[in-house]
Each structure stands twice: as structure tokens, then as C-alpha cells.
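Since chain P is already given, all that's left is putting chain X with the ligands on it; use the hints.
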Amino acid sequence: MDILVCIKQVPDTSKVEVDPVTGVLKRDGVDSKMNPYDLYALETALRIKEQQGGLVKVITMGPPQAKEVIKEAYMMGADEGTLITDRKFAGADVLATSYTISQGVRKMGGFDLILCGKQTTDGDTAQVGPEMGEYLGIPHITNVLKIIDIKEKSMIVEMDMPDTIEVAEIQFPCLITVEKDIFQPRLPSYKRKLTAKDKEIRILTINDLDDKDEMKYGLNGSPTQVERIFPPSVNKDREIWTGTGDKLSLQMASKLRELKFI
Amino acid sequence: MGKLVCNQEKVNESNIDELLKVCPFGAIEYTDGKVQVNAGCKMCKICVNKGPAGVMEFFETQTQKVDKNLWKGIAVYVDHVEGNIHPVTMELIGKAKELASVVDFPVYCVFIGHNIKDKAEELLHYGVDEVFVYDYKELKDFRIETYTAAMEDFINKVKPSSILVGATTTGRSLAPRVATRFKTGLTADCTILEMKENTDLVQIRPAFGGNIMAQIICPNTRPQMATVRYKIMNAPKRQSYSNGTITVCKLEAKKLKSQIEVLTVTKKKVEENISDAEVIIAVGRAIKSEKDMVMVQDLADLLHAQIAGTRPLVESGLIPAKKQIGLSGRTVKPKLIIALGISGAVQFVAGMNHSDRIFAINKDENASIFQTAHYGIVGDIYEIVPQLINKIKCAGAV
Ligand SMILES: Cc1cc2nc3c(=O)[nH]c(=O)nc-3n(C[C@H](O)[C@H](O)[C@H](O)COP(=O)(O)OP(=O)(O)OC[C@H]3O[C@@H](n4cnc5c(N)ncnc54)[C@H](O)[C@@H]3O)c2cc1C
Ligand SMILES: Nc1ncnc2c1ncn2[C@@H]1O[C@H](COP(=O)(O)O)[C@@H](O)[C@H]1O
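From first to last, the protein sequence lines stand for chains P and X.
Using our numbering, read the first sequence as starting at 9 and increasing by one per residue.
Using our numbering, read the second sequence as starting at 13 and increasing by one per residue.
Bound conformation, chain P alone (with noise of 0.2 Å):
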């Protein structure tokens, strides 16, 4: 059985710092790693290969330093993986992102089940893995908590809705984010660390893709356009207290008690 799994590079977010004076975000010198809850998808898959045989690829978009994300997968365990990256594809929103993935999804062939995590701490969208679903023709379940069987052509999972837990059969090829927790990822073996450094990475750029229209991808290829950012509002309706403990704790006791908390 042959499993994909999309993986992204994001950005060690605790370490995201905001200019107080320009309200420009400062990144200097900050981390990258593998977006975490995908760190849960690469485990099922690899899970699974152990169960089942088969190869376990990884792909993903970004620029051309995305790679360490694929050696880190090659570190956990992966067989191939692949980084498609253009300068056309800059300023990619949700739905030319999900495009150009599952473009390149296609170039490497075909795949019984395709993994994603449940969102990026990012993009924090979640609606990358649906959108491939809809692009690649397959169905998809998204939150999964619990994979309860694999079958020949299906597998039984468990999922999570609103008000209740569902246990849906699903038909292969299909796509599935999983929650987090559905295994603990594994860390990343040394032994696998000497060889993944040579391990070849597929490199794929626009003109490799069986769609090379541009206006498909980038910015071209975004229907949403960030019309302008800026920071969040002020509440206006304020009061700031200073002082000793014993005053700031009486204080806040007779407001709580004026407001009817206590």
C-alpha cells in the first residue's frame, strides 16, 4: 500500500515576536521545523507501512529550505519524498496551494490513502487536505481519531463531529487528516540521520507539473487577496489598577462583589 503524506515546513511560532512601534513582525533568527500535527500524520503512515508493506512518501510546497523537512521525515522513517518549489509560486493562498500539491501529487503517482495533519500552526486553516480531496477527485475524512481497520480496498475509522464520535468505512484512494494524539510520533532515529543527509530529494518546479498555466498558481492563482493588516483593536472602555497586592486584591474583591460575581 502506498502512502502520502503532506508535510510543511512552519515557522518555531513561540519565538514570533511583533515590533511594538511598527507592528512588523520580527522572525530574525527563528526556527523551522516541521508543522507539528503533521509530525502525527507521518506516524500513522509509517504505522501503517509497518502493518501493511507498501512505501510511505512525503511531499511538500515552500521554498527551496523546505527540504529539512523532508530530511527530517527521512529521519522518522520516510522512503521518498518530494519539495515542489517555484518563485511563481509566491503569495499561494488555501486554494493554489491545495493546486499546486495535489499537481504535484499526481507527477508522483498514484496512492491508495493520502495522510495530512489537522491544520498548520501557520496557515491554521485546516482546509489545505479538503481542498486536495476536491482537486484529486477523492473522498476525505477530516479530525480522525482512530484508525480501527485497514482493509483490501477500505479502512475503518473513527471520527470526531460536533456532538458525537463516528465510525465511517471509507473506500481507497481517499484522503485523511488525522487529529492529534492518534499515535505518539516516534523520534527521529540517529542511524536513519547518517543515511537521510545523502538521501535523494525529488525536486519540483512548475515546469515539471502537467499544468503549467500560471495563472493557476501564486498569487495569480489566489482568489482571497489580503487587503491590508494591521493591529488588533483597543478596548476602550478601560481601567488600569497599580499599586501594593493588599490594595490591587481589595480592589478587585469589591469590584467582583459590586458586579454581583461574589
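One or more of the hints may lead you astray.
What the hints assert, rightly or not - Computed from the model, here is a short list of chain X residues facing chain P with C-beta under 8 Å:
1) Gly14
2) Ala39
3) Tyr42
4) Asp44
5) Val49
6) Ala51
7) Lys54
8) Gly95
9) His98
10) Pro99
11) Ala226
12) Gln271
13) Gln383
14) Ala407
Unchecked claim - Here are the simulated distance ranges between beta carbons:
15) Asp313/X to Leu258/P: 16 to 26 Å
16) Lys169/X to Lys188/P: 38 to 48 Å
17) Lys208/X to Tyr198/P: 48 to 58 Å
18) Thr257/X to Pro239/P: 41 to 51 Å
Said to hold, decoys possible - Calculated lysine-lysine pairs in the BS3-like style (CA-CA distance at most 25 Å, straight line):
19) Lys263/P to Lys347/X
20) Lys345/X to Lys244/P
21) Lys115/P to Lys79/P
22) Lys152/X to Lys267/X
23) Lys154/P to Lys279/X
24) Lys75/P to Lys115/P
25) Lys15/X to Lys220/P
26) Lys171/X to Lys262/X
27) Lys208/X to Lys109/X
28) Lys75/P to Lys46/X
29) Lys188/P to Lys300/X
30) Lys207/P to Lys79/P
31) Lys244/P to Lys347/X
32) Lys268/P to Lys345/X
33) Lys255/P to Lys403/X
Calculated directly from the structure, the hints in this document are not laboratory data.
We put the beta carbon where it would ideally sit given N, CA and C, even for glycine.
Same frame as chain P, but now just chain X with the ligands:
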């Protein structure tokens, strides 16, 4: 649509560093004396607006424009399980009515399921003009192909200008699929929605993983689509009368086929849900260990509050994931929330700034939580909270 162009002749030793640094995504590269923009670019145009003057420019390119006059009305997807309508639906109806009044549009609902016709009646009491119902036994459970097919049919038939979808697990699965079928834009987890006179939907959400809001539009395609979380918008009051109509729609048999079969549906255990809490004590990274949680629990007990927190506290295991407030957690709108040692990142604030009364204790007087809190208390939680607990207890004894 458009592209970024670098005026290479304006790049020099003195401004190149500034240019490279201004990009929050590290998407500007300088190689062999040439500036290039790589695939990391999010087209936020910060380099144009805040970078060295005149170096980066943005050029619009002509694109095919849709005829916006052909797309009318604002539609709300009715989120439900077996006919039990999720309350986010009413909140979106409320917002849709506000948006619709700007451009004099009708408000529609699209309701997909089985044996739901009588439930559709209820929606009319919230001021919906027309409910489009797809009622088939194959639509009993949410399955992606059949629900997308129904949405597709609805959009082709009604041509709504905008569609609002609740950001529940179902909504977040369905909306992207539908948006892709129509090659249109979808903005996730909007916190503010506004309507322009030209019917463009202004979609605002925290973005780029920083303390910043992005205003997003979808000017060249229709329908425009947005998801919104529960408890962000306000539901209108239920009226005793109703004026709208219910239209039952047909779907061809082949569109009711699916590769998915739902085997069992189990109701989740009803658990304490912070979205429904009236009083919340929210804790942030000032809390270092399990033993610090004792005083938090004491305070929570006294105020009959639920305890919730920021993402770092979930990551460190001090509070369960379901108790995370914020963009990637839950949205809350309690009568009272007390934030203890929380810096006030936009992603956190987005999940709680509609609360009635916000108290925040933080020892850093510049913490951004003080921009949101009604009562900002500059001080150390380890000093104030124990004293507050004592004072409340004493008052109770009197
Ligand atoms: C895409 C994305 C989505 C995100 N989603 C969420 C989300 O849903 N929810 C969320 O919470 N975060 C989210 N985050 C993370 C968010 O950006 C912040 O990193 C996080 O909210 C910060 O948590 P904090 O305030 O607890 O920690 P910190 O930012 O470290 O703040 C701790 C605060 O405590 C104060 N303090 C320390 N000691 C004391 C003391 N003794 N007394 C009083 N004050 C003290 C400090 O002055 C400081 O202001 C998201 C980030 C990204 C990029
Ligand atoms: N640039 C990308 N390259 C590869 N996979 C991606 C990319 N962006 C998103 N994904 C996949 O889609 C999931 C959801 O991402 P998002 O919609 O950004 O929250 C991620 O967990 C990844 O599995």
C-alpha cells in the same frame, strides 16, 4: 491579482538588510546582486509599505472579473447532527442579516439532511427569507461527497453572493471542498465580517502567526466563503412570527452516492465545556507547575468558575486540550473572565475578547492583555491571588 516587482537599481548596501529583514516570511532573497521573491511570500505587501522606500512595488494585473450582479443573497449553512441544529447557525444568521442589510440582499439557509423539513420551519423565526432543504435518506449522515453535491446544486440554483459556514468539524470539512469546486476563496475562522457596497465581503482574522489582523477580500470570484467559530457572532432573538418560505430541492440519484459508509454514531459524553461557562479563570505561562494550580482551583471554586488557559499551558500538560482558549482552541463568551499571567497574544484574545467583563493580572505593565481587559491589574499573581482568595473567604464569613 498582481505581482511584486523589485526596482533593482534602488537596492544598495545601505538598504538591502532592511529589505531582507522587513519580510516576516524570509521570502526575499539577495543573490548575485539581485533581489528575488521566493515561494515563502504571502503577498502581505509589508515590503512595499514598510520596506525601504520605492524598492518593492506591487503591480495589479488584469484578471477576469465575475459579474457580481448575478450573485445575490447571503447564505448560511445549517450545521446539525440528525436535525439538532448547532447554535453557531443562529449566530451566523444574525450576522448574515446585518451584512445583507448593507446591500439589500435576502438571507438564505441551506439545510441538508434527512427528516428535517419541520426543523427548517424553526429557522424562519430568526428572520431567514428562504430555507432550501435537501431531504433524502442518503443525507442522514454527513458524508463529504453527498453534502458537497447538495451545496453545489444549491449554489448553481440560487447563486448566493456569500456563504457563511460554522467552523465546526463538519463545516471545516465541507466548506473547503465546496470552495474548491467553485474555484473560489475561503477564509477560515473569521472574527469580524463586514459588507462593502459593491458586495465584497470583508473578512478579518488573526493571521501570519503574529499579533496582527489580516483583512481579506475575494474580489474576483463568487460565491465568497467564510467560516466562523461558535460564540464569535451574536444570535438574534427568536421571533414568534415568521415570514420566510421553505423550498424543498431535488437531487439526482447519482449525486447521492458516496465512497463512505457511516457505521455507528455515538453521542459524546456531555462534559464540562468552557464555551458554555459563565465564569472562567484563564491561566497562562506565569503558572509553572501543578502545585501553582492549587490556588487557581481555590479561586475557581469560590467564583464557581471553570479553569481554562493558553496554548503553552496545554502544551505543557497543565490543562487539557479542550480547555484551550483561542484561535486554535475554543471561543468563550462568559460573563466574567479573569486572565492570570497571560500576555494577550491575538490568537488568545480572538477567543475571549467578546466576554462581558475581562479582568487581567499581569506583572508586565506593557502586556498586550491590558489592551483588551476592562480591568487591568498590574501585579504578581502569586501575591494577589492568595490575598484575593482570603478576602473573598472573609467576606463570605461575615
Ligand atoms: C497560528 C497560531 C495559533 C495560535 N493559537 C493559540 C490559541 O488558540 N490559544 C492560545 O492561547 N495561544 C495560541 N497561539 C500562541 C500565542 O501566539 C501565544 O504564544 C500564547 O497565547 C502565549 O501564552 P501565554 O500568554 O500563556 O504566555 P506568554 O506569552 O509567555 O505570557 C506570559 C505572561 O505572564 C506574565 N507573568 C509571568 N509571571 C507572572 C506573575 N508571577 N504574575 C503576573 N504575571 C506574570 C508575563 O508578564 C507574560 O505577559 C497561537 C499561535 C499561532 C501562531
Ligand atoms: N505547503 C504545504 N506543503 C505540504 N503540505 C501542506 C502544505 N500546507 C498545508 N499542508 C498540509 O495540509 C494540512 C493543513 O494545513 P492548513 O490548511 O495550512 O492548516 C497540513 O497539516 C499539511 O498536512
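Hints, one by one, checked against the model:
1. Gly14: Because about 7 Å separates Gly14/X from the closest Cβ in chain P, which is inside the 8 Å limit, the hint holds.
2. Ala39: Ala39/X check passes; min Cβ-Cβ to chain P is 7 Å, inside 8 Å.
3. Tyr42: It is violated, given that the least Cβ distance between Tyr42/X and chain P is near 14 Å, above 8 Å.
4. Asp44: violated, 15 Å
5. Val49: holds, 5 Å
6. Ala51: Check passed: Cβ of Ala51/X comes within 4 Å of chain P, closer than 8 Å.
7. Lys54: At about 6 Å, which falls below the 8 Å cut-off, the nearest Cβ of chain P leaves the hint on Lys54/X intact, so it holds.
8. Gly95: Constraint on Gly95/X not satisfied, violated at 12 Å.
9. His98: Holds, about 6 Å.
10. Pro99: For Pro99/X, the interface hint is violated, since the closest Cβ of chain P sits about 11 Å away, which is over 8 Å.
11. Ala226: holds, 5 Å
12. Gln271: For Gln271/X, the interface hint holds, since the closest Cβ of chain P sits about 4 Å away, which is under 8 Å.
13. Gln383: holds, 4 Å
14. Ala407: It holds, given that the least Cβ distance between Ala407/X and chain P is near 7 Å, below 8 Å.
15. Asp313/X to Leu258/P: 16 to 26 Å: For Asp313/X and Leu258/P the Cβ distance comes to about 20 Å; the hint holds.
16. Lys169/X to Lys188/P: 38 to 48 Å: holds, 39 Å
17. Lys208/X to Tyr198/P: 48 to 58 Å: holds, 57 Å
18. Thr257/X to Pro239/P: 41 to 51 Å: holds, 44 Å
19. Lys263/P to Lys347/X: Judged against 25 Å, a Cα distance of about 14 Å means the pair holds.
20. Lys345/X to Lys244/P: The hint holds at about 18 Å.
21. Lys115/P to Lys79/P: holds, 20 Å
22. Lys152/X to Lys267/X: With Cα atoms ~14 Å apart, Lys152/X and Lys267/X stay inside 25 Å; holds.
23. Lys154/P to Lys279/X: holds, 16 Å
24. Lys75/P to Lys115/P: Judged against 25 Å, a Cα distance of about 18 Å means the pair holds.
25. Lys15/X to Lys220/P: holds, 18 Å
26. Lys171/X to Lys262/X: Holds, at about 16 Å.
27. Lys208/X to Lys109/X: Holds. Lys208/X to Lys109/X sits at ~14 Å (cutoff 25 Å).
28. Lys75/P to Lys46/X: holds, 23 Å
29. Lys188/P to Lys300/X: With Cα atoms ~24 Å apart, Lys188/P and Lys300/X stay inside 25 Å; holds.
30. Lys207/P to Lys79/P: holds, 8 Å
31. Lys244/P to Lys347/X: holds, 18 Å
32. Lys268/P to Lys345/X: Judged against 25 Å, a Cα distance of about 18 Å means the pair holds.
33. Lys255/P to Lys403/X: holds, 11 Å
When each numbered hint is compared with the structure, violations occur for hints 3, 4, 8 and 10.
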